[in-house]
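Undergrad: One-letter residues, chain by chain:
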Amino acid sequence: MMHTTHDDNRITKERRDLFLRRQSIIEMRARQRAQAILDPGSFRELLGPFDRMESPWLPLEGIVPESDDGVIVARGQLGGWPAVIMAIEGAFQGGGMGEVSASKIAGALGLARRDCESGNPILPVLLLETGGVRLQEANLGEAVVAEIHAEIIALRRQIPVIGVLTGMVGCFGGMSITAGLCSYLVVLPQARLELNGPEVIEQEAGIDEFDASDKHLIWSLMGGEQRYETGFADALIEDDASVLRQTLQTLAARGRPARHRSENVEEYRRRLATIDPAAPPDGPGLRHIWPKGETQ
Amino acid sequence: METLNFEYEAKGSLTRRAHVGVVGSGDLEVLIEPSGKPTAEVRVRTSVDGYTQVWKDVLDRFFARFGRAAKVEINDFGATPGTVTLRLEQAAEEVQ
Amino acid sequence: MSATTPLSSRGRIWFQALADNAQPVNTGLESVVVADASWGGERVRLLAIVPDPQNRFPRARHGELGLEEGWTLAHHVREAIAADRSGTKRPIIAIVDVQSQAYGRIEALLGIHLSLAAAADAYATARMAGHPVVALIVGTALSGGLLAHGDQAHRLLALDDPQVVIQAMRKQSAARVTRRTVEELDELGKTIIPMAYDIRQFAKLGLLHELITGVDADAPSAAQIARVKERLAAAIADIRKNPGDLTSRLNNPDAKVHRAASIEVRRRLAEQWEV
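As they're listed, the protein sequences go chains A, B and C. Heads up: the first sequence at position 100 corresponds to 99 in numbering that gives the first Met the number 0, and the numbers run straight through without jumps. Heads up: the second sequence at position 33 corresponds to 32 in numbering that gives the first Met the number 0, and the numbers run straight through without jumps. Heads up: the third sequence at position 223 corresponds to 222 in numbering that gives the first Met the number 0, and the numbers run straight through without jumps.
FYI, nobody ran anything at the bench for these hints, they're computed from the structure. Note that the structure is predicted; figures quoted are calculated from it, not measured. C-beta: ideal position from N, C-alpha, C; glycine also. You may find that some hints are simply not true.
[What the hints assert, rightly or not] Below, simulated SDA-like cross-link-like pairs (lysine to any residue); rule was C-alpha separation at most 20 angstroms, straight line: (1) K170/C x E60/A; (2) K214/A x P283/A; (3) K214/A x R104/C; (4) K170/C x Q202/A; (5) K214/A x M167/A; (6) K189/C x E229/C; (7) K189/C x Q202/A; (8) K70/B x Q202/A; (9) K189/C x P283/A.
[Stated by the list, open to error] These stretches of chain A come out as covered by chain B in the derived footprint (C-beta under 8 angstroms, 3 or more residues): (10) 54-66; (11) 250-260.
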């Protein structure tokens with residue numbers, strides 16, 4: 000029989016207090032997430048709502064625009080480090096990337112690179128809550144997503160580019176490629192990361208192969224924990240803003256990885272060659288053969 | 000998408016500006032700043048057509064209480080009148 | 000058609016035309032073709048994705064960019080970068096005719112997003128290392144397929160042909176997702192240029208270096224092939240004079256008209272960057 004000691008009571012109370020003070024990131028809007036990440040008082044938004052940098056295309060299609068086109072760019076400090084947060088608002092048009100929203104990200108990455116190159120490091124953090132390209136802007140969304148990719152590949156030579164996937168929108172389409180290019184990826188269990196949205200996979204491959212209403216299946220293939228356990232993400236954290244802040248600082252302190260996972264070509268070719276598509280592993284099975292921590 | 004414009008007499012001025020909300024399903028964003036005029040003016044862009052009278056009622060009630068010379072911009076994606084009122088009041092609280 | 004005849008496609012037709020009897024590189028995949036052509040004495044690496052009905056991944060049998068295709072493209076681009084490290088950087092040409100990315104359960108499980116990222120990464124790395132990188136769009140260039148194979152080039156060129164389509168999604172799927180009819184999408188594309196499926200509309204966006212006209216995309220004559228080669232060589236020479244990066248897609252007259260917002264965002268961000 001265990002006797003509860005005075006120390007046990009204290010530890011339990013501390014844990015309970017920590018839990019109650021926990022700030023859920025998932026419940027926050029993009030702007031709040033950026034504010035929660037940056038050191039208090041250091042948040043300064045660029046091209047905010049009153050700059051009214053809206054989509055020039057949505058009103059032409061009878062769709063109500065948002066004053067910030069669904070992306071928040073904010074400079075500030077993270078643990079004393081100069082940082083720039085680019086946070087996608089998933090509630091606006093599913094976080095779809097349009098000409099303006101994608102250009103805010105590409106432009107901020109380009110300016111961060113200019114500063115890093117002239118000896119003023121700025122840590123870039125991307126909060127990716129997005130269905131991919133905004134179909135109402137199609138080719139312009141796509142073109143600027145390509146510019147985001149180019150900027151990340153260049154910038155990550157100077158400083159780690161850190162992506163954060165929380166949910167509940169997930170990270171799909173061309174922006175999943177963006178996540179794949181990041182130096183480090185932080186995920187919550189609720190996150191999803193995949194090139195193709197579940198409905199599209201079901202449509203193209205058939206419901207027998209992929210049932211988009213099967214949430215267990217979806218998270219077993221592309222959920223945050225699965226991606227972390229199979230080496231596609233670098234940190235799996237609970238839904239707590241202060242844990243995220245700490246994790247970002249820890250990753251930033253590591254500096255650039257010696258090799259990015261998108262550069263690990265021979266390893267991934269080797270791994271794929273040993274998989275038989277006629278008898279593939281399932282989600283749990285893959286964790287045994289592609290363990291985490293060995294992909295960079 | 001419908002664009003509606005309203006104007007109100009103002010009983011006081013404003014010095015601050017505020018932004019609340021998100022243009023998400025069933026929600027709206029409100030931008031509020033000094034109008035620089037003796038009147039208040041509102042522009043509503045809404046995804047749901049045909050509710051001009053409902054917007055007028057909501058805004059009449061809001062400005063009867065608020066009364067400042069504000070320039071208000073609303074981008075609405077199908078919010079209920081209750082949600083609209085809530086967002087307007089949140090914005091008003093931030094500028095007063 | 001016998002089981003061993005490779006399935007024809009625009010990608011294969013143009014790869015073979017431009018490779019001009021050069022020995023193909025062994026990629027280990029029927030769906031990825033690579034060759035180092037000799038153009039006027041200069042070595043040029045050509046890469047294309049082609050249909051492979053026997054592909055061991057069933058969802059990548061019709062010219063889709065699948066798991067192995069992405070990593071294999073990355074390998075062969077990086078091979079050229081490594082080989083040319085202390086010499087002339089050979090031009091790298093992505094011949095683009097990609098149905099789309101591959102869609103399937105194992106694609107999702109095994110990280111197709113990273114496979115495509117690896118291909119984009121390799122092309123961008125080649126570009127930054129000083130290789131002139133050019134994309135020649137001869138057929139479909141949809142969504143993830145183009146982002147991985149072509150979009151990181153210095154310059155994009157396309158054939159002026161009704162079956163040359165650059166878009167974010169197949170028309171039928173896009174109609175379904177945006178809850179419109181195909182006819183409504185076509186109508187929208189007439190005034191909202193980024194939504195158009197017509198390559199001539201696309202050309203107005205300022206993203207294409209050149210739209211090559213007067214070429215039979217399915218059965219080009221020897222003269223037409225020679226002209227396309229010449230236009231590619233001209234693009235390569237232009238890159239060698241002004242390499243730059245993807246911002247050349249912003250600094251042209253078409254972009255100033257049809258991508259004014261892209262330019263304005265960057266300008267205003269720069270203004271607001273410092274306090």
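Undergrad: Of the hints given before, which are not true for this structure?
TA: 6, 7, 8, 9, 11
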